[in-house]
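In the order they appear, the protein sequences are chains A and B. Start counting the first sequence at 1; every next residue gets the next number (the numbering used here). Start counting the second sequence at 1; every next residue gets the next number (the numbering used here).
Take these hints with a grain of salt, some might be off.
[To be verified] Chain A regions said to be covered by chain B (calculated; three or more residues, Cβ under 8 Å): (1) 137-151; (2) 172-186; (3) 252-260; (4) 347-358; (5) 361-370; (6) 384-394.
[To be verified] Which stretches of chain A does chain B cover? Using the computed rule of at least three CB atoms under 8 Å from a CB of chain B, they are: (7) 117-130; (8) 236-242; (9) 469-478.
For the record, the hints were derived by calculation from the structure and aren't laboratory data. Because the structure is a prediction, the values reported are computed rather than measured. All residues carry an ideal CB built from backbone N, CA and C; glycine is no exception.
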Amino acid sequence: MTTFLGMPTASPTTHLRTGESFPDAARTGLADSQQRHNLQVATTTIRDKRARVVAELDDWEQLRAAGAAIKDATLAELPDHLERFEAAVTARGGTVHWARDGDEANAIVTRLIQATGETDVVKVKSMATEEIGLNEALADAGITATETDLAELIVQLGNDRPSHILVPAIHRNRSEIREIFRDHMEDVDPGLTNDPEELAGAARLHLRRRFLSAKVAVSGANFGVAESGTLCVVESEGNGRMCLTLPRTLITVMGIEKLVPTWRDLEVFLQLLPRSSTGERMNPYTSMWTGATEGQDFHVVLLDNGRTATLADPNGRSALRCIRCSACLNVCPVYERAGGHAYGSVYPGPIGAVLSPQLTGVKDNPSLPFASSLCGACYDVCPVAIDIPTMLVHLRAEVVAAKREEHRVPTAEAASMTAAAWTMSSRRRWTAALRSLSLGRVARRMPALPPPLSSWARSRDLPDMPRETLRDWWVREGGDAAPDSAATPTPPSPSSAPSAPSAPSSSASSASEEDGR
Amino acid sequence: MNAREEILHRVRTALADRPAPPPVVRDYHQAGSRSVDVDVFAERVADYRATVHRCGASAVRERVSQILQERSIDEIVVPVGFPADWTPTVRITHEPVSVEQLDRVSAVLTTCSLGIEQTGTIVLDAGPGQGPRVLTLVPDYHLVVVREEQVVAAVPDAVADLDPTRPLTWISGPSATSDIELRRVEGVHGPRTLDVLLVAP
Ligand code: SF4
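Could you build all of it, start to finish, from the sequences and the hints given here?
This is how it looks when you write it as structure tokens:
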């Protein structure tokens, strides 16, 4: 594809894809029973907490609608808000940088750190820097970045990948964490137990000297206020405050979609985010600062990296409302079983299945839009009302269209869809197909199919078919016989079965228990 | 085109279909629409496992001294602008203090900008008696005095009262993490102990 200057482009960044397809990666996750158990315990806990604190607010739906509208309004006038934000930050002594993609952002941050003469920086957990692979880029430049969020530290020490937006080490249990600390924390007490308090204490000790001596910090931001230039970081542990406050130089990397127009808008998001995210009325610490604060040298890097390409799609742009609360991950039956790594992107779960292919372009992430049962639990809990299921369907159509463009000859998928249409368009063929399915009701597994449908069929069971089709019952009960109902059955292609993939289990229904609040 | 121009151009190109900004309907509870119940504030602060103490306006100094004694704290950092008649009888370290001193003394006593009933949150804005942000971050112990008339009903009331250009720290209980099996553990990097003294008018 030819790209013209100034055209919204998808991101080439690799932390949004691994090359492995979701079904292949999910198999690894599904086989890891320890991880599945850890995830199930963790997501059940957080779902219940969230439901409780959301039910406390009788204006939740109004807040949710306002949150969605504020984000849409911001996106509709994004150029103005970006310019206002830049002007406000600059007026208060900060410096604004612009980065078209991850490489450019990494280069800017590297250059800013090198200018301070430092080779060690502390980092606050940030999805944006995770997305662009900042730590690796800094390491290549001889700069050591220490993650200070407990879960990120667990991931970094364990040489692991994050598997959840909010709790990147959610796939690890306390004993595994103790092992990681024992093996990789040079100053750790060898008698460390797996008591969470002790583990948190070990992290406190390990990081404290680094905080107190750090000269440069890199952070992300949850919100940027266009009218005032204010930045906002929402956190729990205090590592964020340490990084934002102590070092002389602060560099914040923020996606261009993080803006809200006015200070007042935060009254909505500071209610939506903590309750959706950790299931608390408020998270322990929220820091807000405007420009260079308390004598710091302050830089903010505004990042595109595929966001403008997402914005260019009228049916997909609402994904940019996302405030990264992770509520959709915690209710997702697919996420709970497959785990975050299966998505191959720093954005896992339902929103990752949408956002990752949007940011990279569907061609580079073709399996993710299919990593969902479309049960709708994610939409119900999303604090900014992103209709994830509808967007997944939209992206699936894009994947199919992209494939059609690539292959002149129809793919097996396209062929089977054509076959299905042929079967369903004739009453005779359709009746025959249904009857043969009901005869075959003992065989619950999908029959073998040629690739790529074989992998689809492998993970699916056919629903139980009734012993008799409705048409046959109608005739037996003395209804008017349909003229073509006695036609000889011909074996149908299983792909023409009108069966939806099996419905998600109980976890999905528990997710929407706060409906009607 | 430099990066700035190119990104702005890309954004404009992406919005070529000219989506209309939807109206933002604020029919949620707005600032000033609800009365304040300080007892609920006290309960919610305590829900985060902070310890809430209460006293009358004339008893603050006495009560602060007592709380510190119970915690066996004999030296505390007190920022500029902290009311002289509230200052306790223990040894006081005045500003300016270095990070090393803060780390050594490890206890701080401040006022605040406001409290939020609905969420049990206390907001500091580096105003008189609150010190720069680092002051309430490095010490392991924080005692904050909140006057009952500083408590507002909910988040919108707080946002309406606060000045975004000041450095703001919203505190809801002591430092905590849920990173290990999503179980809440108090005390990671910020103060592990938070005492709140709520003062009646
Ligand atoms: S899509 Fe919605 S629920 Fe999921 S992380 Fe984003 S804001 Fe939260």
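Tested hints:
Evaluation of the coverage hint for the segment 137-151 of chain A: fulfilled, as 4 residues show C-beta separations to chain B shorter than 8 Å, against a requirement of three. Counting residues of the segment 172-186 of chain A whose beta-carbon sits less than 8 Å from any beta-carbon of chain B gives 3, enough to reach three: the coverage restraint holds. Coverage of a stretch by a chain is defined here by at least three residues with a beta carbon nearer than 8 Å to that chain's beta carbons; for the segment 252-260 of chain A and chain B the count is 1, and the condition is violated. Judged by the Cβ-Cβ criterion of 8 Å, the segment 347-358 of chain A is not covered by chain B as claimed, because only 0 of its residues qualify and three are needed.
Evaluation of the coverage hint for the segment 361-370 of chain A: breached, as 0 residues show C-beta separations to chain B shorter than 8 Å, against a requirement of three. A count of 0 residues in the segment 384-394 of chain A with a Cβ less than 8 Å from any Cβ of chain B is obtained; the coverage claim is therefore unmet, three being the minimum. Only residues whose beta carbon comes within less than 8 Å of a beta carbon in chain B count, and the segment 117-130 of chain A has 0; fewer than three means the coverage is violated. Counting residues of the segment 236-242 of chain A whose CB lies closer than 8 Å to any CB of chain B gives 6, so the stated coverage by that chain holds, three being the minimum.
With 0 residues having a beta carbon nearer than 8 Å to a beta carbon of chain B, the segment 469-478 of chain A misses the requirement of three or more and the stated coverage is violated.
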